[in-house]
Amino acid sequence: MTAVPRTRRIGSRATRRLVDWGLPVIALVALVALWWLATIVFSIEKFLVPAPDDVIEAFVGQSGFLLEQTWVTLLETVQGFAVAVVVGISTAMSIASSRLLEKMIYPLLLAVNAVPKIAIAPILVVWLGFGQFPKIVMVFLLCFFPIVISTATGLKSTPAELTELVRSYDASRLQVFFKVRFPYALPQVMVGLKTAISLAVIGAVIAEFVGADAGLGFVIVQSGASADTPLAFAAMALLGVISIVLFYGLNALEKVILPWAEENR
Amino acid sequence: MIKLTHVSHVFAGRQGEVHALDDITLEVRRNELVTLVGRSGCGKSTMLRMVAGLLRPSSGTVTVAGELVGKPRQDVSFMFQRAALLPWRTVLDNVLLPVEILRLDRAAKRRRAHELLELVGLAGFEKRLPHELSGGMQQRASLCRSLIQDPLVLLMDEPFSALDALTREELSIELQRIRMEQEMTIVFVTHSIEEAVLLADRVAVLSPRPGRLRKIIDVDIPRPRTLGRNAYADRVAEVSAELHELLMPAPMASEGAG
Numbered sequence: 000m001t002a003v004p005r006t007r008r009i010g011s012r013a014t015r016r017l018v019d020w021g022l023p024v025i026a027l028v029a030l031v032a033l034w035w036l037a038t039i040v041f042s043i044e045k046f047l048v049p050a051p052d053d054v055i056e057a058f059v060g061q062s063g064f065l066l067e068q069t070w071v072t073l074l075e076t077v078q079g080f081a082v083a084v085v086v087g088i089s090t091a092m093s094i095a096s097s098r099l100l101e102k103m104i105y106p107l108l109l110a111v112n113a114v115p116k117i118a119i120a121p122i123l124v125v126w127l128g129f130g131q132f133p134k135i136v137m138v139f140l141l142c143f144f145p146i147v148i149s150t151a152t153g154l155k156s157t158p159a160e161l162t163e164l165v166r167s168y169d170a171s172r173l174q175v176f177f178k179v180r181f182p183y184a185l186p187q188v189m190v191g192l193k194t195a196i197s198l199a200v201i202g203a204v205i206a207e208f209v210g211a212d213a214g215l216g217f218v219i220v221q222s223g224a225s226a227d228t229p230l231a232f233a234a235m236a237l238l239g240v241i242s243i244v245l246f247y248g249l250n251a252l253e254k255v256i257l258p259w260a261e262e263n264r
Numbered sequence: 000m001i002k003l004t005h006v007s008h009v010f011a012g013r014q015g016e017v018h019a020l021d022d023i024t025l026e027v028r029r030n031e032l033v034t035l036v037g038r039s040g041c042g043k044s045t046m047l048r049m050v051a052g053l054l055r056p057s058s059g060t061v062t063v064a065g066e067l068v069g070k071p072r073q074d075v076s077f078m079f080q081r082a083a084l085l086p087w088r089t090v091l092d093n094v095l096l097p098v099e100i101l102r103l104d105r106a107a108k109r110r111r112a113h114e115l116l117e118l119v120g121l122a123g124f125e126k127r128l129p130h131e132l133s134g135g136m137q138q139r140a141s142l143c144r145s146l147i148q149d150p151l152v153l154l155m156d157e158p159f160s161a162l163d164a165l166t167r168e169e170l171s172i173e174l175q176r177i178r179m180e181q182e183m184t185i186v187f188v189t190h191s192i193e194e195a196v197l198l199a200d201r202v203a204v205l206s207p208r209p210g211r212l213r214k215i216i217d218v219d220i221p222r223p224r225t226l227g228r229n230a231y232a233d234r235v236a237e238v239s240a241e242l243h244e245l246l247m248p249a250p251m252a253s254e255g256a257g
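In the order they appear, the protein sequences are chains H and W. Anchor point for the first sequence: position 48 equals 47 in numbering that gives the first Met the number 0, and the numbering is continuous, going up by one each time. Anchor point for the second sequence: position 160 equals 159 in numbering that gives the first Met the number 0, and the numbering is continuous, going up by one each time.
I should point out that these hints are in silico values taken from the structure, not numbers from a laboratory. It is possible that part of the hints are untrue.
Here are some of the chain W residues that sit facing chain H, going by a computed Cβ distance under 10 Å [as the list claims (entries may be wrong)]:
#, residue
1, Ala-51
2, Arg-81
3, Trp-87
4, Pro-97
5, Leu-154
Where a beta carbon is used, it is the ideal one built from N, C-alpha and C, also for glycine.
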């Protein structure tokens with residue numbers, strides 16, 4: 000009678016860390032160096048492709064302004080995402096709990112999702128103006144669907160033996176839901192959240208492109224108009240940072256609250 | 000303790016009705032261990048689920064402790080073929096799941112859970128997650144979970160069939176030991192002749208489609224029983240041979256009976 004060993008990976012934790020973080024950093028540095036070299040060798044104009052130092056200069060020169068705009072975009076992203084999580088998960092719960100609701104809502108969801116969200120962006124401006132609200136709505140629209148789909152899938156994938164087990168205790172519907180079905184669905188919910196968070200930033204930028212007076216999307220549109228490409232690049236880099244931080248934040252959260260999930264799927 | 004009277008069950012299958020059980024009448028006495036054997040599809044599991052209150056018979060009645068079974072009872076617990084542990088709960092919390100759902104006394108049951116885990120050799124593994132355990136250990140944890148509510152009746156649906164032969168025998172012997180410490184009526188479904196002989200006071204043999212009670216055999220071999228060399232090897236072989244003949248179709252009739 001032996002327990003399965005807790006760890007069966009090769010190499011110490013520290014070495015693995017180094018490899019996990021070191022290799023991507025090396026690739027990034029190499030890429031930036033190549034880019035820099037290209038701008039020098041081919042003497043590309045700054046307004047076409049700025050060199051890395053131009054971008055850094057643009058960032059340092061207007062760092063206060065850029066960080067302010069980053070904050071605006073980040074806030075829109077997180078708010079829209081949060082609303083999508085709440086509404087999405089509750090919608091998925093009702094879909095999973097009633098066949099009638101599922102038949103009613105599901106085709107509607109598919110139809111709404113089939114419309115390219117960017118097509119709605121100008122109308123959102125007409126309805127809601129240039130403030131932050133239409134951006135939050137756009138983020139919500141993009142995030143909502145993947146969250147609903149994966150949560151509903153997760154809630155419907157409870158193994159029969161687990162359902163039967165709690166039924167054999169004559170458990171109530173609520174008990175079945177909270178003791179078994181919902182926790183069982185959580186890894187699947189996380190899949191939806193991770194898909195959604197990548198879309199969230201895209202949603203915020205799309206909405207800012209169409210009509211805004213603040214945010215990184217707005218900065219990119221403005222600097223494009225005035226051929227200030229280094230500033231646009233700096234804004235793009237910041238958008239990338241927002242995306243990565245949010246994604247890995249969710250990843251870390253998953254590791255903390257669902258330590259069992261990795262081994263089970 | 001358990002009484003099935005003229006129980007039949009009909010499933011609505013894809014191609015019309017399927018007769019799973021036909022006119023079963025069987026009584027299981029208090030503290031008796033009856034094994035149900037039969038080929039797959041003979042309705043063994045269906046019978047067990049009716050006693051558990053998970054399924055209603057199409058006709059006939061099922062009673063436990065003199066009361067008609069309508070829904071799952073607290074004093075009847077069910078052990079499944081698969082361990083069915085919740086992957087996010089530790090071993091201890093899995094064992095305590097029924098305590099939460101049935102709202103039993105937590106402190107007392109916590110002590111009891113530690114006792115049970117000790118009894119099946121899982122002391123020291125309380126804080127482990129299921130995926131860290133071997134199949135045999137998972138099934139031991141599952142056994143503890145079905146004992147935590149101090150059931151009068153334990154229904155076991157091929158609980159050891161997914162395990163390797165040695166682990167399986169080990170668990171069978173442990174089950175006999177637990178029975179000596181705690182009075183319980185057990186109905187044990189299996190398709191293993193060895194297991195049926197090793198565990199049973201009586202073996203009920205079912206014939207397939209529709210499931211009918213073919214024969215009931217008394218197994219009067221003293222306990223504790225093992226499958227190894229022992230003084231009663233002749234008697235074990237005799238009962239096994241009889242079961243074999245009942246379950247395997249005669250060579251001539253093999254076409255229709257499979």
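Notebook entry, point to check: So which of those numbered hints doesn't the model satisfy?
Noted result: none
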